[in-house]
Amino acid sequence: MHGAADLRVNLFPAYANQIYWLAIGGAAAAIVGTPAALIAWARTPYATGQGEPPDQPIKFDHRHHVRDDGITCEYCHGGAARSSKAGIPATSVCVNCHSQIWTTSPELAEVRRSYFANEPIRWKRVNALPDFVFFDHSAHVNKGVGCVTCHGRIDRMGQVYQARPLTMRWCLECHRAPEEHLRPLDKVTDMEWTPDRPQEELGRELRASLGVRSIVECSGCHR
Amino acid sequence: MSAAASVPPRARADVDPPVLEHEGSHMELTDELLDKVLQPPRWMRPALVVTFLGSLVLFAAIAYTVTTGIGVWGNNIPVAWAFGITNFVWWIGIGHAGTFISAFLLLLEQQWRTSINRFAEAMTLFAVMQAGLFPLLHMGRPWFFYWLIPYPNTMKVWPQFRSALTWDVAAVMTYFTVSLLFWYLGLVPDLAVVRDRARERWRRRVYAIFALGWRGSAHDWQRWRIGYGLLGGIATPLVVSVHSIVSSDFAIANLPGWHSLVFPPYFVAGAIYSGFAMVLTLMIPARRLYRVEHVITTRHLDSMAKMLLVTGWIVIYSYVIEAWSAWYSGDRFEMYTTLVMRPFGPYAFVYWTVIACNCVTPQLFWWRRARRSAAVLWIASLFVQVGMWAERFMLIVTSQARDFLPSSWRVYRPTVIDGTLLFGTIAFFLFLFLLFLRFVPFIPIAELKELKHRIAVEREDGARA
Amino acid sequence: MRDVIIAELDSPERAVQAARSVRALGYRRVEAFTPFPIPELEDVLGVRRTRLPYLVFFAGLSGAALALLVQWWTNAVDYPIDVGGRPKSSLPTDMLIVFETTVLLAALTAFAAVLVGSRLPRLHDPLFDLPGFERTSLDRFWILIGDAYDDDADVLDEALDLLDGELARLGAVVTRARLPEGRA
Amino acid sequence: MTAKDHLAAPSPPDEDDPRSRRAADLAVALEDARDPIARRDFIARMGAAIALAGLGACTRAPRDEIIPYVVQPPEVTPGVPRFYATASTLEGYALGLLVESHEGRPTKVEGNPRHPASLGAAGAFEQASVLSLYDPTRARAVTERGSVVAWSRLEEALTEGTWTSAAGDGLHFLLEPTSSPAIAAVLADVRARLPRAVVSFHSPLMPQNQWEGALIAFGRVLEPRLALERADVVVALDADFLTTGPARLRLARAFADRRSTLDAMIRLYSVEALYTVTGAAADHRLRVRAGEVLAIAAALASAVGLPNLPAGVPAALAAPAEPHRAFIEAAARDLAAHRGRSVVIAGHAQPPEVHALAHAINAALDNLGATVTLAPSPIVAAGDMAHDTAMLASALDAGAVDTLVICGTNVTYASPADQAFTELLGRARQTAYLGLHEDETSARCTFMIPEAHALESWGDTRAFDGTTSIVQPLIDPLFGGRTALEVLSLFSGADRARGMIARKTPYDLVRAHFHDDLPPGATRDFEQRWRRALKLGIVEGTAIDPIEARVDWAGLAKRLARTAPAPPPAIELVIRPDPRVYDGRFASNAWLLELPAPVTNLTWTNAATLSTETADMLGIETGDELELRASGEIVNAPALVVPGQATDTIGLTLGWGRSRGATLAHGRGANAFALAAGTALSPISVDLHKTGRRHDLALTQRHHHLEGRDEDILHHATLEEHRRAGARHDAATTKRRLTLYDKSPRAGTHQWGMAIDLTRCTGCGACVVACQAENNVPTVGPDAVFLGRAMHWLRIDTYFVGAPEAPEIAPQPMLCQHCEMAPCEYVCPVNATVHSDDGLNEMVYNRCVGTRFCSNNCPYKVRRFNWFDFHRGEDATRELAHNPDVTVRQRGVMEKCTFCVQRLREHDIRERQGRATKPPETACQQTCPSRAIVFGDLSDAAAEVTRLRGDDRAYAVLDELATEPRVRYLARIKNPNPELP
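In order, the protein sequences belong to chains A, B, C and D. As numbered in my numbering, residues 1134 to 1356 make up the first sequence, in order. As numbered in my numbering, residues 986 to 1450 make up the second sequence, in order. As numbered in my numbering, residues 1007 to 1190 make up the third sequence, in order. As numbered in my numbering, residues 511 to 1491 make up the fourth sequence, in order.
Just so you know, these hints were derived from the structure itself, not from any lab. Please note: incorrect hints may appear among the correct ones.
[As the list claims (entries may be wrong)] From the derived model, a few chain A residues whose C-beta atoms are all more than 10 Å from chain D:
1. 1147
2. 1152
3. 1155
4. 1164
5. 1169
6. 1221
7. 1230
8. 1236
9. 1237
10. 1256
11. 1261
12. 1285
13. 1332
14. 1352
[Stated by the list, open to error] So the derived list for chain B, only partly shown, Cβ under 8 Å to chain D, looks like this:
15. 1334
16. 1385
17. 1392
Every residue gets a Cβ at the ideal spot worked out from N, C-alpha and C, and that includes glycine.
Just chain A, with the same shape it has in the complex (with noise of 0.2 Å):
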């Protein structure tokens, strides 16, 4: 065996230790980016659920209702106040005004059908939360916190898309600073709202005033 073998030269060539380094540095790399690029990941739209709007089986556009007829946030979603679900209006609220106007638009079959059928219509969710969160709307609209905090400019929407990302981090932001986010009473379903003074000021006299907590506790929003 001694001096059987050719073991004169080198086993690699020079370039081979820039191949290597790369190779471990890649690794390395590897093993550092993968979770960071996985936790910036999570914070992405995409992985969020943001901004992409799903088919719905009648393209209802909160743009004209909101803005052009000036139909308030109550008059459809009028569980906020008083419920946990604001709640998705019932066939029979389009058809208290399309039994009027637009009755034969094709756009509207659906709503007709659902009608006379007397079958609902299936709406996709947009703004999903999963099931061990808890969301109350009453808690939230009755003490001052906006429809567009959460839901976006559903004014401008087409089609209702998530606006914000919902994850427990976004939500955390707000119930450990509530005063950031609050606005009068009745300016909670108004999509135009700006504070006319500083909102600092602003948000911590409301927050006295509406006896708003920071509920950062679990079983606020999970049991």
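The hints should help you fit chains B, C and D onto chain A, whose structure is shown.
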């Protein structure tokens, strides 16, 4: 390099046998040791196949557990931890001997560590790998294991660092990493030896990749020596800390039988005890099969047996102290668990197994003949391992099975899956270990040459004196 | 490229003697390649004691600081949660992870420092092209004199002859080789 | 998720007909529920798989659907539950209920505080009824000999018998006992039209003996109504009045009220064979064979003295075994010392003579009119021959039955073996069976008619005191079920007159009878009264007034003289109703099957119980299979040793060993009906021997001895000891605590806490089921219970105190103690269990990774782990029973009592909007018949819970661990007669 002063081995029983019985040249020693890797023995392939199949069974059991639920184990309320955690503690305890041998004995400059340290370290690594499986598996939702690591998440929630389980994560991960580094750093010069000595070019290339370009210059050796020493120095308190932290999984709880300040040293002693047993279990057959009795000598057996005796006594002492402090506490729950439930309860057979294996077995090693008999040692080492597994089972399960409220008392019975996981990890461990024997010089070549050189110098000095 | 002298010896004792002679002759860029560490040789060659321990110490310290900071900040500052009425931040319980992280960072640093200090890892090394270099990991001991032919070396040319004689006396096999700049 | 969400549905414009509205609701709910379940399951599993594969990044959950109403009913706000008053019926007696409904989906049953039998409480049966409603194994279609037929075919077949022209000759009805005025009216109608039709009532557990006893004592059928609130001394003669009988919840309440009033504590003597809840609550318990109770009653009567009884109590009768003398005499003296303030209660299983003797003693002690009043039964034809099935049996036997209509009673199964209905039913030309399940009876019948569940039905029913409740449906029949009222009305003249198609609906019938029953002049306000009755859950002024009755001493004397004491069998078989499945009717209800039986903690089966002495004598251990031989029949049952049972008795409960119609219970336990003879409950002689096989009994508790830990766990004392101690019960154990921790109080406005009065708690188990229903607690099955994986958040620990052979049984409800210094929390590595500002030990399922360390560190072991996906594979119908306010837990996570945090948070939200009406209650507290559980705000000095925490009897379990629980227990105090040892 005179052989004049050498004494024939076993000629004088009252003198410690030599740590190395090699009289050839460095090259001969090298070739002899390299031979194990370059010319694997014939039994290697079937042994690998068998243990690999055993490992497959383990993976099947793991897949079944993860997809179906922890309910396939026998655990219940109150015995929420059973085989899984017992196996974890047992394996991680076994791992301790490796680090202890290579790091602690390195610091103490014990020459007899040299021939077996890599062996023991590899055992550590593979044992820690088996151990690491169990905390993961025993979680209800293992796919969320990363919640125990602090990373900026979209939930804004962090781990809870008062829990011993977060300490465990840090301890086990650190332990594995440091053991790996320590082992690998020691291995680098030897990989270079294989690189430089193997016949085929592809093989040399493969070993070259792992040898990291080692040259062995005086500067390199100095950095290596100091770095290796530092790692040894770091690993020594680490080995103490790891099992102390593992013991705090129990000690920080208020459960009678767990809530005990004596646990950390008790666990560390037990760990080293079981680890030495495992080293013996693996070493004795390997030594024989590879015919390296002149490198791993009777001296090693003797020293290891003494270590078993010492650590065995520490363990006995721990048992006594545990019982005594239970009695002295006057706490009726603690007294019941320690003094009634364990020796006389439904798991009494486990208790008496522990006493028989851990307390009685090592007493053999008061006798030199037992210490130096490979067969006796090997069988005793098996007993100790069974005993140490049983000890963990006793501590973990019997304490839970009967805690404060008699209404919740309930006996735990393992299922087939529980057993499969235990024996599966043993197979997987052996598989990894065989791979190690197959591909890595398992007796440190450079270090052994250094030892040989040093012995020669000492001998000359001795002769001169 | 530069020329070097390589003296191959067959035992550590002779290597030490050879190194001592070489150093005594005034050569400064002398390196040895051996199958196992020979601390004596390091002394003879005047290898400066590595600063690795300091590096490792500071790595350990920063590991400790990092662990302490992370635990304190996450559990007491960023999201303080009432956990069984226990203090939000508790040094005793933090210490265990502090210790582990200290060890982890120290060990990683020690490992990396050993490699990087020796300009490792690498696959190709000009030294490997030297015939017989592979024996240095097995049973041969090399003394490599880097400044034997250097013009700026403050070593007398006569030294080279003395060196030859000295090495021959120790039974060294002496060869002359070329190495790229900057190595050894 | 969707199960909790927007289960909304279209509705017809007629809001007056909630029935059709709810029908539509449910159709959608069902459909809606099905799809997302499959999806969720898929996601859960794939999530795991993908996360493991490290590909989590590449998948997204498909979109959920929101399905709004087509026309939203004005009273419904999605997300806000509504409560409707209705009533459930057992043995014909009503129990008023309030049912929570989420968008047309009943999810939770509570007692109706206005109802006399409930007083706001509900028992385990009622709590579990919501699960029976959604039982996917219920009968779904009308069948004729097994094949589905149209309802019209059934109508035709039933109404076109040979008897139509023969005034009903050959037409037989077999009904459950009923108090329904509407049914009574329909029956009257039927009788008027078809006078020769025969109506019988059947239930194995009818209070027939009680009625007969009254007949002996008073010459007429009367029912005693107990006023325990006025009693100081009670003697129960084999009477488990706390958990059986139509007024059980009311009596439990009254008894508890008088127990916890230490200054005027009621004393209870119980004479019984098996260990019952009442026996456990008794101060003195005499264990005798069931057949010996008559002798004891006679001896008691004799000791009390019946001056009006000619010739006194026959000595032959009043000859109890000698050791019982002391007990009887002490009880008699105690009774006599409390004339007018004592009461003797006879158990339903005891023969009429015992009832008569009890009446006589009560009369002699001037208790009649004071602690016990008498009133006619609200049950239709109570005490009548109609309540004896022997007549029907002989008619069948004689081939005289053409058409037999069975409504609601599983007569084939639930009859003693000597009444061979299984075989007899075949002798009728045609038989129709209205039942919830296709069961043993339907297998023998020509027609099977799916029955509407009580929560799906219109009807009416009366409480023990006659108070009428309107039964209103919360949902349209899920499987097209019909009610007995509907079926009977097929035969009623009113319907025939208008033709079969224009039949009246049950809604119409009930309204019509309600109208008819209104007092003259009140019909003007009919609508208003109807609505008020529906809202209140009772019809005011319908209670039957008690009457004055005099004991017919001569008749009694004659009867007693004729009564010969039966020689006691070597070993007596005592058959009793089961506390979980009753007579088998609830055997398809998983909550009840898994409810640990009071005293024994046995689930999923019954067992042949026997005393320690008998077991020792026969060499039997718990788990041995026994072969029981009685009345010529053989039944195998697992043995269960129950210390404190009478020696030489074997106890066996009814309702098990079902073979059809109760999928979950098939083959579980032993069918006691097969061994019974005569009436189901009469004691009979039994032979037994071991078969050599062993059973793994699914016991939730294995160890019943306190191991000397009484002071740590369960404080108990006699009234005298308690008074003598004169100190707080925790004084002995509370030490000065040294702590390093900052003990500043928590910040919340409320500080929730609980107090459990062990003096009040009877261990009946209603709270266990209430908790299960409220919190979506899964059932796990017998194997898992055997392994120790029962999921109940609230369990009832049963401890044996005192002599090992005849211990006192002390129940202790055990739930999360919400420790201030919770040991579970600091060991959780991921903050999945933490504390809230208002002092709750929160469990965050979605954060839990399942290390189970919390359970290990919980000294109370109240944490439960999802070993498997227990909700997986749940039928879509079954899912509708889930509480939408509580997370359905995935596998691998811990769960435990949250103090019904969903109610607390709901309350918080309402309170802060000024909409809170009353303090929140936990489910266990709300249903507790004896009000042993009090929950409330500890920061409110006026709150009941705060007061109880300051009570002398208050203590914390395992106080020395310094966990500082928010739950405090009040020591169990007994009031023994100092005369007796």
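Results for each hint:
1. 1147: Nearest chain D Cβ is 36 Å from residue 1147 of chain A, so the label holds.
2. 1152: For residue 1152 of chain A, whose nearest Cβ neighbour in chain D is about 26 Å away, the distance exceeds 10 Å, so it holds.
3. 1155: Since the minimum Cβ distance to chain D is about 23 Å, residue 1155 of chain A lies beyond 10 Å and the statement holds.
4. 1164: holds, 13 Å
5. 1169: holds, 13 Å
6. 1221: violated, 4 Å
7. 1230: holds, 15 Å
8. 1236: holds, 17 Å
9. 1237: holds, 20 Å
10. 1256: violated, 5 Å
11. 1261: Contrary to the label, residue 1261 of chain A does not stay out of reach of chain D, its closest Cβ about 5 Å off (not over 10 Å).
12. 1285: Fine: 18 Å to the nearest Cβ keeps residue 1285 of chain A off the interface.
13. 1332: holds, 22 Å
14. 1352: Non-interface label on residue 1352 of chain A violated, nearest chain D Cβ at 5 Å vs cutoff 10 Å.
15. 1334: violated, 19 Å
16. 1385: holds, 6 Å
17. 1392: holds, 4 Å
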